[in-house]
Amino acid sequence: MPVLIPRNVDELVEVFQANPQAKLLAGGTDYMVEVNLHGRKPETMISLRRVKELTEWSVRTNQSRITIGAGVPYADMEHGEIARLVPALAQAARTVGSPQIRAAGTLGGNLGTCSPAGDSLPVLAALGATIHVIGPDGNRDIEFADFMVGVKKNSLQPAEFVHSVSLPLVEGWQGYAKVGTRNAMVISTASACLVRDSDEGFVAIALGSVGPTIIRAHAAESWLMKSTSLRAGSQLAPSIAQEFGRRVAQESRPIDDHRSTADYRRHAIGVLAQRLLTRSFS
Amino acid sequence: MSSTVVSTGTRPGTLGTSASRPDGVAKVQGGFAFSSDMWADNMLWGATLRSPHPYARIVSIDVSGAYAIDGVATVITADDVPGKLTYGLIVQDQPVFAAIGDTVRYSGEPIAAVAADHPETCQRALAAIKVVYEVLTPVTDPEDCVSGIAEQIHPDGNIFRHQRIISGDTTIVGAIQVEGTYEIGMQDQAFLGLESALAVPDSGGNGLEMYVATQWLHEDRKQIADCLNIPEENIRLVLGGVGGAFGAREDISLQVHTALLAMKSGRPVRISYGREESFYGHVHRHPAKIWMKHHADSNGKIVKIESRMVFDGGAYCSTSPAVLVNGITHTQGPYKCDNAVVDGWAVRTNNPPCGAMRGFGVVQACFAHESQMEKLAAATGLSPVEIRLLNAMETGDRMITGQIMDSVAPVAQCIRETDAIPMPPPMSSSADLRTIPGGTGLTAQPSNIRRGVGWGVSIKNLMYSEGFDDYSTARCRISDGVVTIKFATSEVGQGFTMLAQQIARTVLGVDDVFLDTIDTQVGSAGSTSASRQTWMSGGAVQAACRAALEKLFDHIAAKNSMNRSELEIEGTDIVDRLTGLRVAVHAAIEGVDIDCTEEYHHPATEDMDENGQGNCHVAYAFVAHRAVVDVDPELGLVKVVQIATAQDVGRVLNPLSAMGQLEGGIAQGLGLAVMEEIIVKDGKVRNPSFTDYLLPTFLDVPTVEMVFIEEHEPKSPLGAKGIGEPPCISVTPAIANAIRQAVGRDLPRVPIRPYDICL
Chain E
27 MPVLIPRNVD ELVEVFQANP QAKLLAGGTD YMVEVNLHGR KPETMISLRR
77 VKELTEWSVR TNQSRITIGA GVPYADMEHG EIARLVPALA QAARTVGSPQ
127 IRAAGTLGGN LGTCSPAGDS LPVLAALGAT IHVIGPDGNR DIEFADFMVG
177 VKKNSLQPAE FVHSVSLPLV EGWQGYAKVG TRNAMVISTA SACLVRDSDE
227 GFVAIALGSV GPTIIRAHAA ESWLMKSTSL RAGSQLAPSI AQEFGRRVAQ
277 ESRPIDDHRS TADYRRHAIG VLAQRLLTRS FS
Chain S
86 MSSTVVSTGT RPGTLGTSAS RPDGVAKVQG GFAFSSDMWA DNMLWGATLR
136 SPHPYARIVS IDVSGAYAID GVATVITADD VPGKLTYGLI VQDQPVFAAI
186 GDTVRYSGEP IAAVAADHPE TCQRALAAIK VVYEVLTPVT DPEDCVSGIA
236 EQIHPDGNIF RHQRIISGDT TIVGAIQVEG TYEIGMQDQA FLGLESALAV
286 PDSGGNGLEM YVATQWLHED RKQIADCLNI PEENIRLVLG GVGGAFGARE
336 DISLQVHTAL LAMKSGRPVR ISYGREESFY GHVHRHPAKI WMKHHADSNG
386 KIVKIESRMV FDGGAYCSTS PAVLVNGITH TQGPYKCDNA VVDGWAVRTN
436 NPPCGAMRGF GVVQACFAHE SQMEKLAAAT GLSPVEIRLL NAMETGDRMI
486 TGQIMDSVAP VAQCIRETDA IPMPPPMSSS ADLRTIPGGT GLTAQPSNIR
536 RGVGWGVSIK NLMYSEGFDD YSTARCRISD GVVTIKFATS EVGQGFTMLA
586 QQIARTVLGV DDVFLDTIDT QVGSAGSTSA SRQTWMSGGA VQAACRAALE
636 KLFDHIAAKN SMNRSELEIE GTDIVDRLTG LRVAVHAAIE GVDIDCTEEY
686 HHPATEDMDE NGQGNCHVAY AFVAHRAVVD VDPELGLVKV VQIATAQDVG
736 RVLNPLSAMG QLEGGIAQGL GLAVMEEIIV KDGKVRNPSF TDYLLPTFLD
786 VPTVEMVFIE EHEPKSPLGA KGIGEPPCIS VTPAIANAIR QAVGRDLPRV
836 PIRPYDICL
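Chains E and S are the protein sequences, given in the same order.
Each residue of the first sequence is one higher than the one before, counting from 27 in the working numbering.
Each residue of the second sequence is one higher than the one before, counting from 86 in the working numbering.
Certain hints may be false.
[As the list claims (entries may be wrong)] In silico lysine-lysine, DSSO-like type, Cα no more than 30 Å apart, as pairs:
1. S:K769 <-> E:K178
2. S:K769 <-> E:K67
3. E:K178 <-> S:K766
4. E:K67 <-> S:K215
5. E:K179 <-> S:K766
6. E:K179 <-> E:K67
Hint data in this document are derived by calculation from the structure and do not stem from the laboratory.
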């Protein structure tokens, strides 16, 4: 099996265009499980390890955005500057697997696999991330809502790859929570990210593992914004938080599987929504 | 009188010290060769074809496609088994391979095996074997087997064993009655060192040498020899490095397949399972459904217990009959009870085969009786501690089997000592959220959490039961200044190799003790199971060392004109008590050649009669657990904060190792309480991976505060009781009881799932 090792983004574009069936490999924490456990036999691999540009991140203060390369590992998001700027992403990163997995796994991997249980994805959805992709026809930006289109399905075209993710730096509160049947190192049975922009009085909540894609609970968000002030200094009535949880749960579309039941997931996502909202006011 | 070895102070490496393990450094540094690390020149790789169906008739098997693949050396099916077509520990009902015309009875049952030049070639060869199945409807409900409405899925029938216990006056009715129906899910042993074996055929073609990770070399050899139709002497079994066992290596898994492939190909063959195959390759803990009704007088004293237990044994017998007897004979728990009516069934279904796992039937019974004790406490108005102390069993009590408790039985002391352990501090309102229920998921604030406290106390039989003479053998050689101990005792991680050295150092007064290869070149040691090796193989090593010492005394008395009858070991010297003359042992053994092999047999037991009466168990050990648990009632998530425990150990032989056994057992019992379950639906395992079969992580295991109750057991050669199983038995109901107390729900089933708590 040939392994292609591009050294920069231009080479990557070139080799991927020449081998559109090739599989991209960064941390390998998803794909190698496919190979080792599920008998996937790749014809050609493209190793991303030498493409330094993918592992970089930067802040453009004038635009109040942070851009994180697709190859930045979760370990780098858990602490330090990224964690300070995007705390919800740090919280999500901390829930990914074990330290070894977090040292290898990347944001690009989560987007490439596009599982509804991808731990970072609710954060990208709630923050309204822009996915910067590069392909044979050049660059394009895809809003997260248009990027993930189904269970393990994204809108990447052949030979297109995720270059980086751009996130707004939000004034206010953001937080992530994830339910699993173990206190660490567990696949989520329900997860949520809530972003409360206290300047704009805006709220966004995105739900993981409770539908075929990450779900933005738009109706619950609109109801909340009409029902209470979200600006800095305002108070939250417990009844509002409870009703918000109930409405968020209504927007989930969970299933029964060997990890949990649809009823539990629906219940849990409501509790998470209620608690995250309450937390944003405390 | 106790025949206990007197510990000679604190000389490093002797009994009572935290002597280090001979395999410890290598294991920590990664240098230890586990069985999956073994390799031989010219070696082939083996792999197994398994049924995807839980119940199906095999219409045809076509292996020609596999032979057509370059690199495939041989393919074997049931037609290639030269001897007995089946194996098994108690009843030989498990086919080496399912045969054409016969049925497969569980999903994962072996049908064929291949040997090839590379693991990938093996996978291609397996894919090229064509099997035509006539798929049948599986029998998956054990109750259908008890009632008899299920189709008979094996010529031996669907009942492995039905046994009742009728004790005392069965007409008694208690003023207070509590009852419940409890369920225990299917737990996996989940050892980290996966199944692996290397078979090297003799050049003559009539025998082989085999390296295998197992719990009992001699029993494996017997079953392999039967299937291969060669004399046992023609097989030398050597223990491959074992990474945990917990019962899952009692049964044959890949042993016969590997041996057959090696014999047929004439080349060394290694089979190593991956994690998924391991879930299909070994037996699991029996799922069970247990109804129990306790009758007590108005003070809370138990006067009668009624129970019905159904254990799902899955497709083949394994140890199901013995597991059932362990379950029903431990119905009363560590409590006095004269009258009982117990009805127990172990049945055959098309679910995965179940057999031995740490606790062996007692885990299931204990979950039921300790759930009942909590109900009895509530019904009488007594505290969980008071109700248990009121009923605590003592030495001399008659059990429901008619057997008199003749072991040391410090039940009340276990409870009191556990109760005296300080409670953990209350949760801080500023606690790190990762340390509260939900862990790294940050699902809760401290204000969302409720704390509960629960108790569990248990009794566990030690050694094999019902008339079985599971003796152990050891050999001690003193040759030209070197002491070597040999035994066939499986070191599975419990630390027996370390203990054998401690015993030899203590008895013989030497510092250096060499351990010979663990293989079948010495008599059987019995299984590393049933909390038995410290007692049994420890007894054998002690006996062999003592026999050697006697000969050494003969020699040294004659040589140095010492008083033979007055010689004793003091530290590292031989001392004549009369004259005070002393000779250093290391000097005394120079030029000496002594070779002693000894067997240790435990006191005999007997079968039980049709009413479950008989002295069927050898000895017992006890333990108490108190669990402090934080629960998020809204999300159903749990964090076990502290386990306090006092365990009846007889005597601590190695404090560090004893602590390790207790902490490990508690983690395993915690797993069963809140997360570990093989999920089987329509006869198929739905979570055969560590992604979905969840084991506790460091954020899940609690602080363990432990006390060892050291009352030397006179029956035990070292004064010590087996300590491997008790830690994992009553910790499960202790945690369940704590969760029940925190949330006020019945929770009759373990593992307790989040939705059991909050929906």
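Original post:
Does the structure break any of the earlier hints, and which numbers would those be?
Top reply: The structure conflicts with no hint, since it agrees with every one listed earlier.
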